[in-house]
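S.K.: Residue-level listing of the chains:
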Amino acid sequence: MKSLEELAAIRERMKNKVALREASGEIRIVVGMATCGIAAGARPVLNALVEAVSKEKLDNVTVTQTGCIGMCRLEPIVEVFVPDQERVTYVKMTPEKVPEVIEQHIKGGKPVVKYTIGAVEA
Amino acid sequence: MIRTQVMICGGTGCSSSNSMLIADRMEEEIVRQGLGDEVKVVRTGCFGLCALGPVMIVYPDGTFYSRVKVEDVPELVEEHLLKGRVVDRLVYKENEGDENVEVPSLQETGFYKTQQRVALHNCGLIDPENIEEYIAVDGYAALGKVLTEMTPEQVIQVMKDSGLRGRGGAGFPTGLKWEFAAKNKVPQKYVVCNADEGDPGAFMDRSVLEGDPHAVLEAMAIAGYAIGANKGYIYVRAEYPIAVKRLNIAIGQAREYGLLGENIFDSGFSFDIETRLGAGAFVCGEETALITSIEGNRGEPKAKPPFPANKGLFGQPTIINNVETLANIPQIFLKGPEWFASMGTEDSKGTKVFALGGKIVNTGLVEIPLGTTLREIIFDIGGGIPNGREFKAAQTGGPSGGCIPAKFLDTPIDYGNLTRIGSMMGSGGLIVMDDTTCMVDVARFFLDFTVDESCGKCTPCRIGTRRLLEMLDKITAGNGTLEDLDKMEELCNYIKANAMCALGQTAPNPVLSTLKHFREEYEAHVVEKRCPAGVCKKLLRYEIIPEKCKGCTKCARNCPVGAISGKVKEPHVIDQSKCIKCGACMDGCKFGAIIKK
Chain A
1 MKSLEELAAI RERMKNKVAL REASGEIRIV VGMATCGIAA GARPVLNALV
51 EAVSKEKLDN VTVTQTGCIG MCRLEPIVEV FVPDQERVTY VKMTPEKVPE
101 VIEQHIKGGK PVVKYTIGAV EA
Chain B
1 MIRTQVMICG GTGCSSSNSM LIADRMEEEI VRQGLGDEVK VVRTGCFGLC
51 ALGPVMIVYP DGTFYSRVKV EDVPELVEEH LLKGRVVDRL VYKENEGDEN
101 VEVPSLQETG FYKTQQRVAL HNCGLIDPEN IEEYIAVDGY AALGKVLTEM
151 TPEQVIQVMK DSGLRGRGGA GFPTGLKWEF AAKNKVPQKY VVCNADEGDP
201 GAFMDRSVLE GDPHAVLEAM AIAGYAIGAN KGYIYVRAEY PIAVKRLNIA
251 IGQAREYGLL GENIFDSGFS FDIETRLGAG AFVCGEETAL ITSIEGNRGE
301 PKAKPPFPAN KGLFGQPTII NNVETLANIP QIFLKGPEWF ASMGTEDSKG
351 TKVFALGGKI VNTGLVEIPL GTTLREIIFD IGGGIPNGRE FKAAQTGGPS
401 GGCIPAKFLD TPIDYGNLTR IGSMMGSGGL IVMDDTTCMV DVARFFLDFT
451 VDESCGKCTP CRIGTRRLLE MLDKITAGNG TLEDLDKMEE LCNYIKANAM
501 CALGQTAPNP VLSTLKHFRE EYEAHVVEKR CPAGVCKKLL RYEIIPEKCK
551 GCTKCARNCP VGAISGKVKE PHVIDQSKCI KCGACMDGCK FGAIIKK
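Protein chains in written order, with my numbering: chain A, 1 to 122; chain B, 1 to 597.
Treat each hint with caution, since some may be false.
To be verified - Output of the computed footprint for chain B on chain A, the stretches with three or more beta carbons under 8 Å from beta carbons of chain B:
| id | segment |
| --- | --- |
| 1 | 2 to 11 |
| 2 | 15 to 22 |
| 3 | 46 to 53 |
| 4 | 100 to 109 |
Said to hold, decoys possible - Pairs of lysine-lysine, BS3-like flavour, derived with a Cα cap of 30 Å:
| id | chain 1 | residue 1 | chain 2 | residue 2 |
| --- | --- | --- | --- | --- |
| 5 | B | Lys335 | A | Lys57 |
| 6 | B | Lys83 | A | Lys57 |
| 7 | B | Lys231 | A | Lys2 |
| 8 | A | Lys55 | B | Lys83 |
| 9 | A | Lys2 | B | Lys145 |
In short, the hints are calculated from the structure, not lab data. Built from N, CA and C at the ideal position, the CB exists for glycine as well.
Please work from the sequences and hints to get the whole structure.
M.R.: Structure below.
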């Protein structure tokens, strides 16, 4: 190790691998990963979310899984919990829809209404 | 992309109940279920809740599983890691048998809530065998700052300002120790890490070495820069194989990354570290004996002065710091000495790790700000005394310490207070005793230990402790007299005043403190020939109450020496001349017909 910059570079590279363990979890993104969700393609959605959160360095976001919510026909379901706000439920999610949700909702604070349960079911 | 990390405790406690096999199986199962790219298993150091091992935490959700078995692995992988369903039956519950599975996050539990982890900061958080994980949590940043921005004098000033005192026993101010060594202007000096943790029941140093070895290496390099040493030794017990292995891995990685070796951070400062294995002699935890042992000689103490800071290893100025002391140091430089000094009490700054053992629910490792009361440690964090028993005493400081009775439960724990109430901080072993513990027997246990471990160099310790033990044996056998108690006290004070090293000087403490606080128990043994706690076998009698005995013959069959006789359906009797007082009859009796007197 010849310089502080070298050390800082390793720290930056490793930081988000360890950050998972200290996640503040202010915003929680929960993916339904029961049999129904997995069959409908929840895993690629989950992975896309994890990758996007890490790429965008969103330290305040935790991505986790949950079991069956009960609306199996609308899977894959992704729910977003922001403190002091009503939760937002996205249905029939795909990896392609993920960047939009991250950009507009998680970063911009505006839910992507067209993917929510209200819009899809209406 | 890794979305979930499973942290499995790889400390000695959990490893001994198969946690490393669980980790291996988990990795196989994760691959088998196609999650190899999404889930990672990390083997960490000790979490602290050793009583519930093997333990694991799943991040990012933070689910805490306890008492996991190898057979549970497929279910955990399929349910939790694949489908996101928490396996309720394995989740840690604060109260055994609690139906409520809504467990607060780990930080909210009684065990962790009031803890403040400084020395144990990274234990359970990082993979100790991966230097990059340590760097990710600001590892080696303190060394970088010290080498590029500070002079050795400034480093020593920070240490003095922090108020850090040695965590190995005597509590000598660390900054002062460094200053003494720094003042000696000679070309060769040494930094030694004392990892010869020997107190029965204490295992904090082991856990730090196993969970965060790089913190110790980083602190030693800082110490080397401060005093002008370029060589360090870690003297660690050979009985700590996991710690030794991880230390050597850590040293290898630090060299590879140029954090040990020549010209670190291009500052012109060079420092290297080697491990030296101790063969397990208690006296080698004493600094002069430790030095003698590193030099390759039989581990015996030397008279002080000269102190090691002036004339230590190979005759050169040497500082010796304990593992836990060192583990605090990188944090002090990262967060500032004021931050460290803001914790603790007037004479004792910072936090202290205690190894909880004995009659306590949460056996394990806790770190609390100094000044916390014994009551908070034992009842709030430790979960209290199991089986509805009564607290009787707490033993701190191992064989050098003493027993603290219930009346001092609310005394804030720091170096000064512990000494004032007849015990000492020691390395931080805390053994809790309930009303089934005999205090005379406890004193006898520790004396037995010191007699065994006395190196034999000086007479007060070699012969004095043996005489003490003989008197304690006499008392627990029911042959003691009141004069013996006075004689014991006199001998204790004589040993304290005349033994050569700390081992001998402190060896009488367990006897003195129990004599002071529990004299009535000694007197019961001597005068009434009775052991109030029912521990001292020679003073015990097992008897059968004829009215309650149904004559089932179970006790007679259980008795290993054939001391019980009687006909079927008639009351039995115990032949006291044959009875070895093992208690097998009482344990087996369904009618409560056997009593212990």
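S.K.: Take the hints in turn and mark each one as holding or not.
M.R.: Structure-based check of each hint:
{"no.": "1", "hint": "2 to 11", "in the structure": "holds (count 6)"}
{"no.": "2", "hint": "15 to 22", "in the structure": "holds (count 6)"}
{"no.": "3", "hint": "46 to 53", "in the structure": "holds (count 4)"}
{"no.": "4", "hint": "100 to 109", "in the structure": "violated (count 0)"}
{"no.": "5", "hint": "Lys335(B) / Lys57(A)", "in the structure": "holds (24 Å)"}
{"no.": "6", "hint": "Lys83(B) / Lys57(A)", "in the structure": "holds (25 Å)"}
{"no.": "7", "hint": "Lys231(B) / Lys2(A)", "in the structure": "holds (20 Å)"}
{"no.": "8", "hint": "Lys55(A) / Lys83(B)", "in the structure": "holds (24 Å)"}
{"no.": "9", "hint": "Lys2(A) / Lys145(B)", "in the structure": "holds (13 Å)"}
Violation of the numbered hints given earlier is confined to hint 4; every other hint is satisfied by the structure.
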